[in-house]
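Colleague: Chain by chain, the residues run as shown.
There are 2 protein chains.
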Amino acid sequence: MKWTKEITLKEVGPRDGLQNEKKWVATEDKIAWIDRLSESGLKSIEVTSFVPPKWIPALSDSYEVATQIKRVKGVTYSALVPNQRGLEKAIEAKIDEVAVFMSASETHNQKNIAKSIDETFPILNEVVQNAIVAGKKTRGYISTVFGCPYEGEIDLEQVIKVSEALLESGVDELSLGDTIGIANPKQVEDVLNVLLKRFPAEKVALHFHNTRGLGLANVVVAIECGITTFDCSTAGIGGCPYAPGASGNVATDDLLYMLERIGIETGVNLEKIIAAAQFIESKLGRPLPSYSLQMNR
Amino acid sequence: MKWTKEITLKEVGPRDGLQNEKKWVATEDKIAWIDRLSESGLKSIEVTSFVPPKWIPALSDSYEVATQIKRVKGVTYSALVPNQRGLEKAIEAKIDEVAVFMSASETHNQKNIAKSIDETFPILNEVVQNAIVAGKKTRGYISTVFGCPYEGEIDLEQVIKVSEALLESGVDELSLGDTIGIANPKQVEDVLNVLLKRFPAEKVALHFHNTRGLGLANVVVAIECGITTFDCSTAGIGGCPYAPGASGNVATDDLLYMLERIGIETGVNLEKIIAAAQFIESKLGRPLPSYSLQMNR
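Protein chains in written order, with full-length UniProt numbering: chain A, 1 to 297; chain B, 1 to 297.
Just so you know, these hints were derived from the structure itself, not from any lab. Just so you know, nobody snuck in bad clues.
No copy is singled out in the list; a pair is fine if it fits within one copy or between any two copies.
Okay, derived cross-link-like pairs now, DSS-like style, lysine-lysine, Cα gap no bigger than 30 Å in a straight line:
hint, residue 1, residue 2
1, Lys89, Lys283
2, Lys283, Lys54
3, Lys5, Lys197
4, Lys186, Lys272
5, Lys197, Lys2
Extracted from the complex, chain A is given alone in its bound form:
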């Protein structure tokens, strides 16, 4: 195996995690949680989403969160942005990085944002261009790369098409999402073998959900393929564990534990991440799925 020396962890719990939790978390608790994450050594935190509040009520306080968190030097504060209106709010809230998103699955894209893939490109292109003009970093999420709840397996040509369009629009990085947590290690290898012939590994992050418990196995294979950036959520939050297909991201704490044990540097302090996990668990009021939390109960 080719173990890398360093890996970048991108915390997405405050956005991807919370948007899938049923319970409302008070704005001050979101802020307190993000402030703890900022002190952990993480270099990137996706703090909220500037989508219309009716889309994701759980994040309807995005402006308050983004403007009231403590900004720690060296940490990139990111937010999800669907369109020009969202970008304006993100700029107003002084977000460092703008993350746009679309799906590799035509049906999922339609269900998610009521547009075809081809209709989505010019909208995202404009957002990315304007974000770059505003001096922001940019990131492009592609969802359902490894499978779609409506279409099943996604043609890799479709993933390539969407990846190329996003990179051409100027995003600094792609994040390939296993939205429903269905990826398996061999599939990760197969997909990356194709994509990394076309795109440099430094431009590609992997975004696994742990729905079927394969998240860390998928990470190991992605590392072997040359990937060095992974999205993750503290405590594995996001989605009720009893709702099929809606489980949380790979847990930051468990991924970090694994990387530490392997001997891969992340710059992130595990004890501080576990403390942040315990904090958000106490606010959500249900046992969260990460193994590190179980070990520390």
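Let chain A serve as the given structure and place chain B on it in line with the hints.
Modeller: Just chain B, lined up with the frame of chain A:
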């Protein structure tokens, strides 16, 4: 990655799983569970342990279980045996395979069976020899290969010494145990790189616990190293999830799901394993940790 075509799953839930559960499972329920497992396509099931009942009260009905289960042709029914007395009972109960055990850690071996490693060799040697004479298959468990709760990391020379002694005594297979679920993927690679230079991969099984959620990641790396036999427990039973270091084995259902998705043959039917997992979950009366159970709730 070098994905293999076939993998053998050895179910150890009725022994390693149940021995770590606090709740007594009625003999008839154990039998009904094992009978379900026998119909799943599994080729090997460790059904109980012939240790003195005071050591493991949860398995004090070992003779009843072993003699009352339905024996399905082609399935090897195995039992743990600590000494000559246990062997006699196992033979009386018409067990197909005798599994002996010792630790790679001097302290763990002392705490577990009150003997030094050197004192253990002749005892196990006699058991294995007699088991072979009785026409039984034999298996040698080595615990704490990847770390010991008392000694921490275990010198690989110690693992080699114990492995050699067991193979010389005539065991058909070694099972290398990550007893406290502390192995990481790189360590699995490092250990196997050394051991598989000395012993053929066909003689080595891996026995992971999922204490920190790394079980399946460790399996993937072990497959890459050439291992084709894995121990696992239906539903991931064994140990309270809230007791550090006491979590269950890698779940048969989750491992099987992963292997199916990768495209590796096991001959085991996932639906039947999930049904068996649901059955034992209902008898234990607590949510068991496998992801497949969560998905099917």
